[in-house]
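Going down the list, the sequences are from chains L and S. Counting along the first sequence from 1, when you hit position 191 you're at 191 in the numbering used here, and nothing is skipped either side. Numbers in the numbering used here are just positions in the second sequence, counted from 1, shifted up by 217.
Some hints here could point you the wrong way.
Claimed, not checked - Listed next, with one range per pair, are the computed distances between beta-carbon atoms: (1) S:THR279 - L:ASP189: 29 to 37 Å; (2) S:GLU401 - L:THR91: 27 to 35 Å; (3) L:ASP189 - S:ARG336: 31 to 39 Å; (4) L:ARG66 - S:ASP356: 24 to 32 Å; (5) S:ARG297 - L:VAL43: 30 to 38 Å; (6) S:GLU401 - L:GLY96: 26 to 34 Å; (7) S:ARG321 - L:THR111: 52 to 60 Å.
As the list claims (entries may be wrong) - To be clear about the criterion: a stretch of chain S counts as covered by chain L if any three or more of its residues have a C-beta under 8 Å from a C-beta of chain L, and this derived list gives those stretches: (8) 281-295; (9) 339-350; (10) 382-394.
Said to hold, decoys possible - Listed below are the simulated SDA-like cross-link pairs for lysine to any residue, each with C-alpha atoms no more than 25 Å apart in a straight line: (11) S:LYS288 - S:ALA242; (12) L:LYS71 - L:GLY96; (13) L:LYS71 - S:GLU341; (14) S:LYS278 - S:GLY258; (15) L:LYS71 - S:GLN339; (16) S:LYS288 - L:ARG42; (17) L:LYS71 - S:ARG399; (18) S:LYS288 - L:GLN122; (19) L:LYS71 - S:GLY258; (20) S:LYS288 - L:ARG182; (21) L:LYS71 - L:GLY161; (22) S:LYS288 - S:ILE353; (23) L:LYS71 - L:ALA132.
Calculated directly from the structure, the hints in this document are not laboratory data. Glycine is no exception: its CB is placed at the ideal position from the N, C-alpha and C atoms.
Protein chains: 2
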Amino acid sequence: MRHDSTPPPAQRTRRTEGTRVRGRAERVVSAVLTATHEELGRVGYGALRIEDVAARSGVNKTTIYRRWPTKAELVAASMRAAAEEEEFLDTGTLRGDLLTVVMRTVRTCQTPTGRGIVRMMQMERADPEVEALSRILRDQRRRRNTALLERGIARGELPAGVNTELIIDLIFGGIYTRLIHRGEDVSEDYAAAAIDTVIAGACAGAARLSNESQQQK
Amino acid sequence: MRHDSTPPPAQRTRRTEGTRVRGRAERVVSAVLTATHEELGRVGYGALRIEDVAARSGVNKTTIYRRWPTKAELVAASMRAAAEEEEFLDTGTLRGDLLTVVMRTVRTCQTPTGRGIVRMMQMERADPEVEALSRILRDQRRRRNTALLERGIARGELPAGVNTELIIDLIFGGIYTRLIHRGEDVSEDYAAAAIDTVIAGACAGAARLSNESQQQK
Chain L
1 MRHDSTPPPA
11 QRTRRTEGTR
21 VRGRAERVVS
31 AVLTATHEEL
41 GRVGYGALRI
51 EDVAARSGVN
61 KTTIYRRWPT
71 KAELVAASMR
81 AAAEEEEFLD
91 TGTLRGDLLT
101 VVMRTVRTCQ
111 TPTGRGIVRM
121 MQMERADPEV
131 EALSRILRDQ
141 RRRRNTALLE
151 RGIARGELPA
161 GVNTELIIDL
171 IFGGIYTRLI
181 HRGEDVSEDY
191 AAAAIDTVIA
201 GACAGAARLS
211 NESQQQK
Chain S
218 MRHDSTPPPA
228 QRTRRTEGTR
238 VRGRAERVVS
248 AVLTATHEEL
258 GRVGYGALRI
268 EDVAARSGVN
278 KTTIYRRWPT
288 KAELVAASMR
298 AAAEEEEFLD
308 TGTLRGDLLT
318 VVMRTVRTCQ
328 TPTGRGIVRM
338 MQMERADPEV
348 EALSRILRDQ
358 RRRRNTALLE
368 RGIARGELPA
378 GVNTELIIDL
388 IFGGIYTRLI
398 HRGEDVSEDY
408 AAAAIDTVIA
418 GACAGAARLS
428 NESQQQK
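Isolated chain L, as found in the complex (with noise of 0.2 Å):
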């Protein structure tokens, strides 16, 4: 019996073969992409060579062109790749997901790579592609933002009808100013301080907006 059940040499070897090279492929699409990201923080995007992501990433030039054919396709990919791994968040309440959130920025910001990755976006701004790549990152972070404050309206931690935009531009903007464009420290009780204040603001009536001025934004 133990023998029957057992797949004949063939079917095992194929099936083992087809586990092995899906774990490659994900292995060298993740190399590639976290080779990419530190490149980027390293000299930039116009300075970035796909020769150096494959010397980085221990992946042939080849291979990866011929997944990624230009070097806006392969940087926007690491882009979508790491701010993918900080989608999903739920610490049940808003002003745990905020705080999360911001915490996790300001870790980013003083690693090597988010510094440069930050600095690259500030001072390549007139390139187009960056322009795009920024653009990319700006969307899946404000769609990201606006579902933890709509689980927070839900939750009645924030009044109904009050304007999640002015919110997120506040919460962050405010601390990544301090952060990203003066280099300033920012304490986890620093931006517990400033997500208390515009909570405490919004609860007390005063971001609402009229749709006029909504749709003059």
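Following the hints, put chain S in place on chain L, whose structure we already have.
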């Protein structure tokens, strides 16, 4: 008598010339600083040439060099002059003061020179002289904004013990991120809702930070 009170021709001429010379010197300084500001907005810091400032202002290059021996000194003087123009402000209420400051910046950022200077500060921030310029502007604005908030605390519009730096980060960081880094419009209603939300949150007591956290900043 009328004849006696009239100064003798020589004295009169000297005094008139004195006035004329001082007036002319001021006009020269103002023309050069304005031209510098405009050139900075047009080409940025690295590419700015004293020759072009001379041509735009109609002032001789050697006259410019005599007063401002280096490009860094000339540009710093032009930044200070532009910032000083908006130093004095008192609408009588904190909300009015903040809204005036914000909407002034919104309008400045809509001019080609304003947009160019913002672009220069981002794209050339790796240049230590540009970083020094940004610091001049930042310090000047922070002093002005802190003074506005302290007047608001004195008038009872904000609770004592509020962290003024946090309030400044939230209001200005929030609005300027939208305006400058995302290039989106900021309507007066939007700015007012942002200011009201942060003031309401601060009045609810959420913008206090322990001494420890303040020291950490």
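Against the structure, the hints:
The given range of 29 to 37 Å is broken by THR279 (chain S) and ASP189 (chain L), whose C-beta atoms sit roughly 55 Å from each other. Look at GLU401 (chain S) against THR91 (chain L): about 29 Å separates their beta carbons, and that is inside 27 to 35 Å. Separation of ASP189 (chain L) from ARG336 (chain S) is about 34 Å and conforms to the stated range, judged on CB atoms against 31 to 39 Å. Judged by the Cβ atoms, the range 24 to 32 Å given for ARG66 (chain L) and ASP356 (chain S) is violated: they are separated by roughly 52 Å.
Between ARG297 (chain S) and VAL43 (chain L) the beta carbon distance is about 35 Å. The supplied range of 30 to 38 Å therefore holds. One distance hint, 26 to 34 Å for the beta-carbon pair GLU401 (chain S) and GLY96 (chain L), holds here, with the actual separation near 29 Å. For ARG321 (chain S) paired with THR111 (chain L), a C-beta distance near 37 Å fails the hint of 52 to 60 Å. Check result for the region 281-295 of chain S against chain L: violated, 0 residues qualifying (beta carbon to beta carbon below 8 Å, three or more required).
Requiring three or more residues with a Cβ within less than 8 Å of a Cβ of chain L, the coverage given for the region 339-350 of chain S holds, as 5 such residues are present. Check result for the region 382-394 of chain S against chain L: holds, 11 residues qualifying (beta carbon to beta carbon below 8 Å, three or more required). Distance hint between LYS288 (chain S) and ALA242 (chain S) is fulfilled; the C-alpha atoms sit about 20 Å from each other, no more than 25 Å. At most 25 Å may separate the alpha-carbon atoms for a hinted pair to count; LYS71 (chain L) and GLY96 (chain L) exceed this at roughly 37 Å.
Distance hint between LYS71 (chain L) and GLU341 (chain S) is fulfilled; the C-alpha atoms sit about 24 Å from each other, no more than 25 Å. Annotation: proposed proximity of LYS278 (chain S) to GLY258 (chain S) holds, straight-line Cα distance about 20 Å (limit 25 Å). Between the alpha carbons of LYS71 (chain L) and GLN339 (chain S) the distance comes to roughly 24 Å, so the proposed pair stays at or under 25 Å and holds. Our distance criterion of 25 Å between C-alpha atoms is broken by LYS288 (chain S) and ARG42 (chain L), whose separation comes to about 30 Å.
Distance hint between LYS71 (chain L) and ARG399 (chain S) is fulfilled; the C-alpha atoms sit about 24 Å from each other, no more than 25 Å. For the hint pairing LYS288 (chain S) with GLN122 (chain L), the CA-to-CA distance comes to about 24 Å; that is within 25 Å, so the pair holds. Our distance criterion of 25 Å between C-alpha atoms is broken by LYS71 (chain L) and GLY258 (chain S), whose separation comes to about 31 Å. A distance of roughly 24 Å separates the Cα atoms of LYS288 (chain S) and ARG182 (chain L); the hinted pair therefore holds under the 25 Å criterion.
Proximity of LYS71 (chain L) to GLY161 (chain L) is assessed by CA-CA distance (about 43 Å); at most 25 Å being required, the pair is judged violated. Distance hint between LYS288 (chain S) and ILE353 (chain S) is fulfilled; the C-alpha atoms sit about 15 Å from each other, no more than 25 Å. For the suggested pair LYS71 (chain L) and ALA132 (chain L), the alpha carbons sit about 13 Å apart, so the restraint of at most 25 Å is met.
Of the numbered hints stated above, those contradicted by the structure are hints 1, 4, 7, 8, 12, 16, 19, 21, listed in ascending order.
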